[in-house]
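Trainee: Read off the chains here:
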Amino acid sequence: MEAAQVEERAGINLKPSGRQAETTDLQPPIEAGKTVGNIEVEDPIFRCRDVDVYYGEKHAIKKVGVDIGKNQVLAMIGPSGCGKSTFLRCLNRMNDTIPNARVVGSIVLDGKDIHDKKQDVVQLRARVGMVFQKPNPFPKSIYENVAYGPRIHGLAGDRVELDEIVHNSLLRAGLWEEVKDRLQHPGTSLSGGQQQRLCIARTIAVNPEVILMDEPCSALDPIATARIEDLMEELRQSYAIVIVTHSMQQAARVSQRTAYFHLGDLIEVGETDRIFTNPRHKLTEDYITGRFG
Amino acid sequence: MNKPRKTAQETQAIVAQSLRRRYWAERRFRAYGLTAIVAALTFLVYLFFVIFSNGMGAFRQTQVRVDVFYDPAFIDPAGTRRTEDLQAADYQALIRASLKKKFPDVEGRAATRELTKLVSSSAAFSLQKQVVADPTLIGKTDTEWLLASDAVDLLTKGHIDRALPEAERPLSDQQLAWVDKLRGEGALALKFNKTFLSNGDSREPENAGILGAVVGSFLTLLLTLLWSFPIGVASAVYLEEFARKNRWTDIIEVNINNLAAVPSIVFGLLGLAVFIGFFGLPRSAPLVGAMVLTLLTLPTIIIASRAALKAVPPSIREAALGMGASKIQMVTHHVLPLAMPGMLTGTIIGMARALGESAPLLMIGMVAFIVDIPKGVTDASTVLPVQIYLWSDSPERGFVEKTSGAIIVLLAFLVVMNTTAVILRKRFERRW
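From first to last, the protein sequence lines stand for chains A and B. Residues in the first sequence are numbered consecutively from -7, following the working numbering. Residues in the second sequence are numbered consecutively from 30, following the working numbering.
These are computed hints drawn from the structure, not numbers from a lab. Positions of the beta carbon are idealized from the N, C-alpha and C atoms, including for glycine. Careful, some of the hints might be misleading.
[As the list claims (entries may be wrong)] Distance condition first, Cα-Cα at most 27 Å in a straight line; then the derived BS3-like pairs of lysine-lysine: (1) A:Lys110 - B:Lys356; (2) A:Lys50 - B:Lys455; (3) A:Lys132 - B:Lys339; (4) B:Lys356 - A:Lys126; (5) A:Lys109 - B:Lys146; (6) B:Lys186 - B:Lys169; (7) A:Lys110 - A:Lys62; (8) A:Lys50 - B:Lys339; (9) B:Lys131 - B:Lys158; (10) B:Lys158 - B:Lys146; (11) B:Lys186 - B:Lys146; (12) B:Lys356 - A:Lys104; (13) B:Lys356 - A:Lys132; (14) B:Lys131 - A:Lys132; (15) B:Lys274 - A:Lys109; (16) A:Lys126 - B:Lys339.
[Said to hold, decoys possible] Simulated coverage check for chain A against chain B, where a stretch passes if three residues somewhere in it have a Cβ under 8 Å from a Cβ of chain B: (17) 137 to 150; (18) 185 to 196.
[To be verified] Counterexamples of contact, computed for chain A against chain B with all Cβ distances above 10 Å: (19) Lys62; (20) Val96; (21) Ser98; (22) Lys126; (23) Glu221; (24) Arg228; (25) Gln229; (26) Ser239.
With the hints as extra help, turn the sequences into a complete structure.
Mentor: Next comes the structure, spelled out in structure tokens:
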């Protein structure tokens, strides 16, 4: 009795209320692999079909199939724990580092399956860069942070060339003006937004084809977020970008296509404008209108 | 069932009541902590006071000034000046003659023997060394400060009670008179004890030095560090970063933790059985000592290194892998530098423990009486804690201050070693 009172006061609703139970009745049955909308695009860079991920016994994502187009931003939205980050991490095989994680299905990058025995994972990650939720610059200088990728991959012939790469990457990440006088300062001395742009500069320094972003703005303030969003629009001219986000406004602002995940299923994919104005699946509609999630 | 809700005032009153109790608990805890620290410091200061007041005497030694006539008749009657002849000469007789010149009224063999006993038996060797090094001394008279015997040394330092009956004293009335006469002339003085820092062990307290044990400890610990640090860090990195987590790694982990708790003497028995018994390596050698101490310190270093690796944030690993670094690049470029200070802390703890160990070294024969200073890792040697144990066990009164002196040297060794390690760690530490 008392517990119920507390819940009510705090506005927490642990039990399904009448309204939500109603929506559950109305939604079309979810069937693994039956995604609403057009999952295909012309001349995709990534073509994923029937991707399943298991964490031990847990079936984290089920029969997900979607194309990722060149020079496009694909936004992945959905409630927490729906598998969007898991799917993102499949694309550069970061799930390999998690014990018990098992990925099945085909993820084809430029005509070659990334799980092929001939596909080297180090090379894959050089082609598919990643920006993480929390800015994670190396505990080295700003210069060293950006120079690290080109250095390990041997992209620069000499110091001049390396300086050039660092300069260009910082410039494209919109950070050059702010840090040009303190390249030898530690990367961790920057503000959160600057750190995240440093991480983006670090990623584009190895000249990848795809950039994966796992909630890149969730730890940033609105101004820093706006800068990163502008940056994504610019980067889209050269790279394919996949972004996981919890902010539907952000998805609407930055992406051309949007994918909605729910409990491991890819429910709906489509042009961002269409998804946000005219969702075809009940769950998608509920989520974007803020009824849950 | 439905109790009326408390008003804000009621809630505040309850909070205010509990506040006093909470602050009181905090104050009590602080008092406990302060008491503990004060008690610990008191004991530490007392310990240092006792050790230093006992041990400082070991760094000063009584010496007797005599005019030595390097009589060619004693040293080199044939006039060959060959080193073997110079070494074979009777320098004791030289000292006897010099002392008799100082006390011309001493007559008879017994009295002469009493007189020569004022000077250490090692004084003859130091004269011999001088003559061999510089034969032109022969035929000249020179003023020399000779090492006094340990009884005279004890008397000078006030450890012999003159009021005791003659038979219970190490020095007779006659000897006391001679000593007083020497002191009156200024021919008896406490001087800095070079012997203590430059000699190996000896049965004579005035002649015993710590250098053999210091060199033994240094060689042993150097080898221990060279083996245990790379092996320990490599094992930790492998287990933490590369090894699959399964039953085998679990068993290995449990056993490493157990090894850290095994009594050290067991490692000594293992070393005796395996390294000396099976492989036939030399006994009493720093080489074998270092092997045993390596086994002893490895668990400590591995456990500390694994903890240091675990403390490196996973985001750094993800960042490196996401950039396309291979696993070994991730480890060597990012994880190891961040974990290095923690690993060095573990190594310092391990090495400090190894420096203080005596039990396992007793087992492999490093407890032997060894006069020579070891020249290599296979030479017979002893180490500082074992030397302290040996001296504390010696019956001569003169070894009491030597024991404390050796403890001071051991502490100094420890301080130097740890300071070096801390400076090194500071270098490795990233300042951001």
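Trainee: Please go over all the hints and tell whether each is borne out by the structure.
Mentor: Results for each hint:
The straight-line distance between the Cα atoms of Lys110 (chain A) and Lys356 (chain B) is roughly 18 Å, inside the 27 Å bound, and the hint therefore holds. Between Lys50 (chain A) and Lys455 (chain B) the alpha-carbon distance is near 45 Å, which puts this suggested pair outside the 27 Å criterion. Restraint check: the Cα-Cα separation between Lys132 (chain A) and Lys339 (chain B) comes to about 20 Å, which is no more than 27 Å; the hinted pair holds. Of the pairs offered as hints, the one joining Lys356 (chain B) and Lys126 (chain A) holds, with about 21 Å between alpha carbons and a cut-off of 27 Å not exceeded.
Note on Lys109 (chain A) and Lys146 (chain B): the hinted pairing is violated, with a Cα-Cα distance of about 88 Å set against a maximum of 27 Å. Annotation: proposed proximity of Lys186 (chain B) to Lys169 (chain B) is violated, straight-line Cα distance about 33 Å (limit 27 Å). For the hint pairing Lys110 (chain A) with Lys62 (chain A), the CA-to-CA distance comes to about 24 Å; that is within 27 Å, so the pair holds. Proposed proximity of Lys50 (chain A) and Lys339 (chain B) is supported: the alpha carbons are some 26 Å apart, at most 27 Å.
Taking the CA atoms of Lys131 (chain B) and Lys158 (chain B), the gap is near 23 Å; set against the 27 Å cutoff, the hint holds. Of the supplied pair hints, the one linking Lys158 (chain B) and Lys146 (chain B) holds, its CA atoms being roughly 20 Å apart against a limit of 27 Å. With a C-alpha separation of about 18 Å, the suggested pair Lys186 (chain B) and Lys146 (chain B) falls inside the 27 Å cut-off, and the hint holds. Proposed proximity of Lys356 (chain B) and Lys104 (chain A) is supported: the alpha carbons are some 23 Å apart, at most 27 Å.
With a CA separation close to 19 Å, the supplied pair Lys356 (chain B) and Lys132 (chain A) stays within the 27 Å bound. At most 27 Å may separate the alpha-carbon atoms for a hinted pair to count; Lys131 (chain B) and Lys132 (chain A) exceed this at roughly 76 Å. A C-alpha spacing of about 24 Å is found between Lys274 (chain B) and Lys109 (chain A), which places the hinted pair at or below 27 Å, so the restraint holds. Proposed proximity of Lys126 (chain A) and Lys339 (chain B) is supported: the alpha carbons are some 19 Å apart, at most 27 Å.
Given as covered by chain B, the segment 137 to 150 of chain A passes the check, having 4 residues with a CB less than 8 Å from a CB of that chain where 3 are the minimum. Residues of the segment 185 to 196 of chain A lying with their CB closer than 8 Å to a CB of chain B number 3, which satisfies the three-residue condition for coverage. Once the 10 Å rule is applied to beta carbons, Lys62 (chain A) is consistent with being away from chain B; the minimum gap is 21 Å. Its beta-carbon lying about 20 Å from the closest one in chain B, Val96 (chain A) satisfies the requirement of being farther than 10 Å from that chain.
Look at Ser98 (chain A): its CB is around 22 Å from the nearest CB on chain B, clear of 10 Å, so calling it non-interface holds up. Interface exclusion of Lys126 (chain A) from chain B breaks down, the closest Cβ pair being 6 Å apart, not more than 10 Å. With a least CB separation of 21 Å from chain B, Glu221 (chain A) remains clear of the 10 Å interface cut-off, as annotated. Distance check for Arg228 (chain A) against chain B: the nearest CB is about 20 Å away, which clears 10 Å, and the non-interface claim stands.
For Gln229 (chain A), the requirement that its beta carbon stay farther than 10 Å from each beta carbon of chain B is met, with the minimum near 22 Å. Here Ser239 (chain A) stays apart from chain B, with its beta-carbon at least about 22 Å from theirs, past the 10 Å limit.
In summary, the structure is inconsistent with hints 2, 5, 6, 14, 22 from the numbered list given earlier, while agreeing with the others.
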